[in-house]
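Colleague: Letter by letter, the chains look like this.
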Amino acid sequence: MASESCGNPATDTDATMPRRPKFDRSKFCVKCKENTGNIVIRHAVYCKNCFMPLLTGKIRRNLEPFINEKGDGSRRRYLKASGNLLIGISGGLGSTVLLDLISRMYFPSQMESQKRTELLKGGTAHPRNEMVWQKAVVCYVEVCSAFPNMKDRTEDVRTLVKTYEQFEFTPLRLEDAFDRKWWAEVGGKPSPDLFVDPTNEALFLTQHDEDSSSSPVERLRSYLSALPTPTAIPSAIRMLVRLLLLYTAQSTNSSHLLLGANLTSLSISLISSISQGGGFTVKEEAQEEWTPKVAGNTPQTVRLLRPLQEIGLKECAFWAWWNELNVIGRDKFPGAKQGIGALTRDFIVGLERDYPSTVSTVARTCGKLAPKAGANGTCVLCDRSLQIGVQEWKARISIRSLSNSAPPPKTMNAALSDTLCYSCHTTLTSRSSKVRSLSNNLLPLPVWVHSYLKRSGLPEDSVDIAVQEELKESGGEIWERRKIDRSEMKGAISEFLLEE
Amino acid sequence: MAPRTCVLCENFKAILKRPKTGQQICKDCFFYVFETEVHNTITQSNLFAPGDRVAIGASGGKDSTVLAYVLKTLNERYNYGLNLFLLSIDEGITGYRDDSLETVKRNQQQYDMPLKILSYDELYGWTMDAIVSQVGRKNNCTFCGVFRRQALDRGAVMLNVDHIVTGHNADDIAETVLMNIMRGDIARLGRCTSICTQGEDTIKRSKPFKYAYEKEIVMYAYFKKLDYFSTECIYSPDAYRGHARTFLKDLEAARPSAIIDIIHSGEAFEVSEEVKATQKAQQTCKRCGYMSSNELCKACTLLEGLERGMAASGITDRARKKMEAEGPAPENLRTIPFFKLPTGQPAVAIEAPS
Numbered sequence: 001m002a003s004e005s006c007g008n009p010a011t012d013t014d015a016t017m018p019r020r021p022k023f024d025r026s027k028f029c030v031k032c033k034e035n036t037g038n039i040v041i042r043h044a045v046y047c048k049n050c051f052m053p054l055l056t057g058k059i060r061r062n063l064e065p066f067i068n069e070k071g072d073g074s075r076r077r078y079l080k081a082s083g084n085l086l087i088g089i090s091g092g093l094g095s096t097v098l099l100d101l102i103s104r105m106y107f108p109s110q111m112e113s114q115k116r117t118e119l120l121k122g123g124t125a126h127p128r129n130e131m132v133w134q135k136a137v138v139c140y141v142e143v144c145s146a147f148p149n150m151k152d153r154t155e156d157v158r159t160l161v162k163t164y165e166q167f168e169f170t171p172l173r174l175e176d177a178f179d180r181k182w183w184a185e186v187g188g189k190p191s192p193d194l195f196v197d198p199t200n201e202a203l204f205l206t207q208h209d210e211d212s213s214s215s216p217v218e219r220l221r222s223y224l225s226a227l228p229t230p231t232a233i234p235s236a237i238r239m240l241v242r243l244l245l246l247y248t249a250q251s252t253n254s255s256h257l258l259l260g261a262n263l264t265s266l267s268i269s270l271i272s273s274i275s276q277g278g279g280f281t282v283k284e285e286a287q288e289e290w291t292p293k294v295a296g297n298t299p300q301t302v303r304l305l306r307p308l309q310e311i312g313l314k315e316c317a318f319w320a321w322w323n324e325l326n327v328i329g330r331d332k333f334p335g336a337k338q339g340i341g342a343l344t345r346d347f348i349v350g351l352e353r354d355y356p357s358t359v360s361t362v363a364r365t366c367g368k369l370a371p372k373a374g375a376n377g378t379c380v381l382c383d384r385s386l387q388i389g390v391q392e393w394k395a396r397i398s399i400r401s402l403s404n405s406a407p408p409p410k411t412m413n414a415a416l417s418d419t420l421c422y423s424c425h426t427t428l429t430s431r432s433s434k435v436r437s438l439s440n441n442l443l444p445l446p447v448w449v450h451s452y453l454k455r456s457g458l459p460e461d462s463v464d465i466a467v468q469e470e471l472k473e474s475g476g477e478i479w480e481r482r483k484i485d486r487s488e489m490k491g492a493i494s495e496f497l498l499e500e
Numbered sequence: 001m002a003p004r005t006c007v008l009c010e011n012f013k014a015i016l017k018r019p020k021t022g023q024q025i026c027k028d029c030f031f032y033v034f035e036t037e038v039h040n041t042i043t044q045s046n047l048f049a050p051g052d053r054v055a056i057g058a059s060g061g062k063d064s065t066v067l068a069y070v071l072k073t074l075n076e077r078y079n080y081g082l083n084l085f086l087l088s089i090d091e092g093i094t095g096y097r098d099d100s101l102e103t104v105k106r107n108q109q110q111y112d113m114p115l116k117i118l119s120y121d122e123l124y125g126w127t128m129d130a131i132v133s134q135v136g137r138k139n140n141c142t143f144c145g146v147f148r149r150q151a152l153d154r155g156a157v158m159l160n161v162d163h164i165v166t167g168h169n170a171d172d173i174a175e176t177v178l179m180n181i182m183r184g185d186i187a188r189l190g191r192c193t194s195i196c197t198q199g200e201d202t203i204k205r206s207k208p209f210k211y212a213y214e215k216e217i218v219m220y221a222y223f224k225k226l227d228y229f230s231t232e233c234i235y236s237p238d239a240y241r242g243h244a245r246t247f248l249k250d251l252e253a254a255r256p257s258a259i260i261d262i263i264h265s266g267e268a269f270e271v272s273e274e275v276k277a278t279q280k281a282q283q284t285c286k287r288c289g290y291m292s293s294n295e296l297c298k299a300c301t302l303l304e305g306l307e308r309g310m311a312a313s314g315i316t317d318r319a320r321k322k323m324e325a326e327g328p329a330p331e332n333l334r335t336i337p338f339f340k341l342p343t344g345q346p347a348v349a350i351e352a353p354s
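For the record, the sequence lines run as chains A and B.
If you count the first sequence from 1, position 253 lands on 253 in the UniProt record's numbering, and the numbers rise without skipping.
If you count the second sequence from 1, position 144 lands on 144 in the UniProt record's numbering, and the numbers rise without skipping.
Bound-form chain A, shown alone (with noise of 0.2 Å):
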């Protein structure tokens, strides 16, 4: 088509495309209709003064039902926890906003609260008036020792928790779930040290002499390297850093553990754990309720929350802007780009971008959902929900040998593998399309895997074996310990077999 434009868009109107509205109505804030809005969340309009009350609005919806041990039905009673607070930080957006708003909800500066008491109605003593939580404790789990040349942060978020005089700070590293040390102080049995072998599906355990020396960070890397992709690596983290920080919410008396996933984030988690096979336990990416299953502590119930789940990416970033907060960051971990989890966050931000509504209806839809059969027990590694049947269905859907025999041959080592959940066992054994050589290296389990496994019901004399090895072994006397195949297992019985 001939045409006399220049192509400038400033001289040509017609040759720009229309901008569209990035607001429904008016440019009026929606709560207050006076002032001019200066954020839209999906379509509505906010001025900054509406911004406040709406994030604490639903934080207060997503948390204060769950703050009193028992739930009181429809009336509203006063707010009070069974125990401490332990918030986890991580560096990232979600946890920072989430320390931010948390301290200025429930725990305010002597100054302010000095101030709040000249209203308050009925003075201090009343119990309406009290603290939700006496104390407050920030935990961090510094995860630089995983991989080589990554920044420590632990003091970075030191400085930034100081800035809060409320909150006492507990840094944590990831070896401390291989460090014997931690678990004697969060209550654990003293445990010998575990290996699987990650070559073999059924996951035989053992004791390899030689490594029981080694420190917490190399058994650390040696668990990492020995997982079989990209995927497996961030996940095995999250694993590790949410049972790190129960447990020691459990040692500093917290009824409750707050993290700071946004509705953004929590979408990721959700479509990730599908793909990960973690369906039966999808309702706990959300919200949890755990009990420490260490032998002669009084049970606390702990309560994993995340108060920032209806607050999207976005609203985040304009709260800490707004407020100037310092955002440490965190480091990628490396490979992990090619993992599923971030393909789906790829994903999941994009599809926000297109469809902004579908974060929170992923979010939504998943609410509804429950497990389908009832538990056995829990998985001894991320000591989440295990469902019955997981091994034989796998076999099933998939054939990996063609012997008819289903159960694989009873040898001297016991197998972890029904004693894990179907995404432990996925991450741990799952591999890639792509031929890699694989390592023959033992994978080494964190500090709590081993009274798991005594209360789950595995042959108790195979765990004891390696406690049994471990008294031998002061005695100085070296034992094998070796997979049994089929042919010797016949030479042995051989003599009471009938020929065929």
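Certain hints may be false.
Stated by the list, open to error - Short, incomplete list of chain B residues facing chain A, as computed with Cβ under 8 Å: (1) Phe31; (2) Thr36; (3) His39; (4) Met179; (5) Arg183; (6) Tyr211; (7) Val218; (8) Met219; (9) Ala221; (10) Leu251; (11) Ala254; (12) Ile260; (13) Ile262; (14) Ser265; (15) Ser272; (16) Ala325.
Unchecked claim - Across the chosen pairs, the derived CB separations fall in these ranges: (17) A:Leu54 to B:Asn46: 52 to 62 Å; (18) B:Ala281 to A:Arg60: 53 to 63 Å; (19) B:Glu10 to A:Gln338: 25 to 35 Å; (20) B:Asp98 to A:Thr199: 45 to 55 Å; (21) B:Lys13 to A:Gly187: 34 to 44 Å; (22) A:Gly187 to B:Tyr78: 24 to 34 Å; (23) B:Asp227 to A:Gly374: 31 to 41 Å; (24) B:Asp98 to A:Ala395: 57 to 67 Å; (25) A:Ala395 to B:Thr284: 36 to 46 Å; (26) B:Tyr78 to A:Gly374: 28 to 38 Å; (27) A:Ser401 to B:Lys276: 54 to 64 Å; (28) B:Phe223 to A:Gly350: 54 to 64 Å; (29) B:Asn46 to A:Gln338: 37 to 47 Å.
No lab work stands behind these hints: they were computed from the structure.
Note that the Cβ used here is the ideal one computed from N, Cα and C, for glycine as well.
Chain A is fixed; fit chain B onto it per the hints.
Modeller: Only chain B this time, still in chain A's reference frame:
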């Protein structure tokens, strides 16, 4: 490099890497594991009973071509005692179905199975070409999808069969799980991983390839030298489903078990009891007797819109209200024949293989 030996039989040379497990195996072992997994799926869920009359929804594409072959093989190997039929739907898209219907006719000869081809034109009085000329290319998938589901059931009634099997594979099911979560379709999410669906007044329908990877179906067709047609519809760029499929393929590339892991997730959860209580009860369509969530089933709603020249009434609320404002449906409106479950005798002559 020395040739690798099959990890399963440890005897023959491995010639393929199995997409589902990554194992390097020989051709015979591949056939064995593929067929046995389908057999496990069938026996585990007690899909068939001896003497069942089973219609295979056959499009001439890879899934249904391989399904027909595998079902015939397993029926003979394990004595299922099934009477198998082929049932094809002709949507009436010029040039699209011609080749694939030829494949189905060839399958009829090769597998010695009776075939019934049922057309939209015959059933609804509309071909997809005619529908597209009225509604345009944007929403025509709604019509085609709704009409096809009913057409299969109605074809099954005509054949007097007890059961329809379709070639939906593991990739399709995993994709549907993701789609239903993203769309918030809780009712479909609850049932999309079931191998078999049967209401009180519908024909049993199942998916024996529920755990079979799309890539393995292609591989099976390739090694068995089965020919099929790729059946991509000329009217169907469904953007949203396309997003989900691309995402699923990325996940599969990252970790091949992802497809089966998503299905496992889908099977492990269900709609919680509190939400179930708020869901709508199933009804039957007052006009054609087919199952429906409203007074009129979706197919009758769409057809009425087409007949009255207001096709959008089945798509948007605004258009539906507009049509309702114009008064009730005229007496002489063309409608779909009343739906009745099979009575024992085939209602139509079936093309027997010559």
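Colleague: Could you run down the list of hints and mark each one as holding or not?
Modeller: Comparing the hints with the structure gives:
no.	hint	result
1	Phe31	violated (12 Å)
2	Thr36	holds (6 Å)
3	His39	violated (10 Å)
4	Met179	violated (11 Å)
5	Arg183	holds (7 Å)
6	Tyr211	holds (5 Å)
7	Val218	violated (15 Å)
8	Met219	violated (14 Å)
9	Ala221	violated (20 Å)
10	Leu251	holds (5 Å)
11	Ala254	holds (5 Å)
12	Ile260	holds (6 Å)
13	Ile262	holds (6 Å)
14	Ser265	holds (3 Å)
15	Ser272	holds (4 Å)
16	Ala325	violated (26 Å)
17	A:Leu54 to B:Asn46: 52 to 62 Å	holds (54 Å)
18	B:Ala281 to A:Arg60: 53 to 63 Å	violated (36 Å)
19	B:Glu10 to A:Gln338: 25 to 35 Å	holds (32 Å)
20	B:Asp98 to A:Thr199: 45 to 55 Å	holds (52 Å)
21	B:Lys13 to A:Gly187: 34 to 44 Å	violated (57 Å)
22	A:Gly187 to B:Tyr78: 24 to 34 Å	violated (56 Å)
23	B:Asp227 to A:Gly374: 31 to 41 Å	violated (48 Å)
24	B:Asp98 to A:Ala395: 57 to 67 Å	violated (44 Å)
25	A:Ala395 to B:Thr284: 36 to 46 Å	holds (42 Å)
26	B:Tyr78 to A:Gly374: 28 to 38 Å	holds (33 Å)
27	A:Ser401 to B:Lys276: 54 to 64 Å	violated (40 Å)
28	B:Phe223 to A:Gly350: 54 to 64 Å	violated (38 Å)
29	B:Asn46 to A:Gln338: 37 to 47 Å	holds (41 Å)
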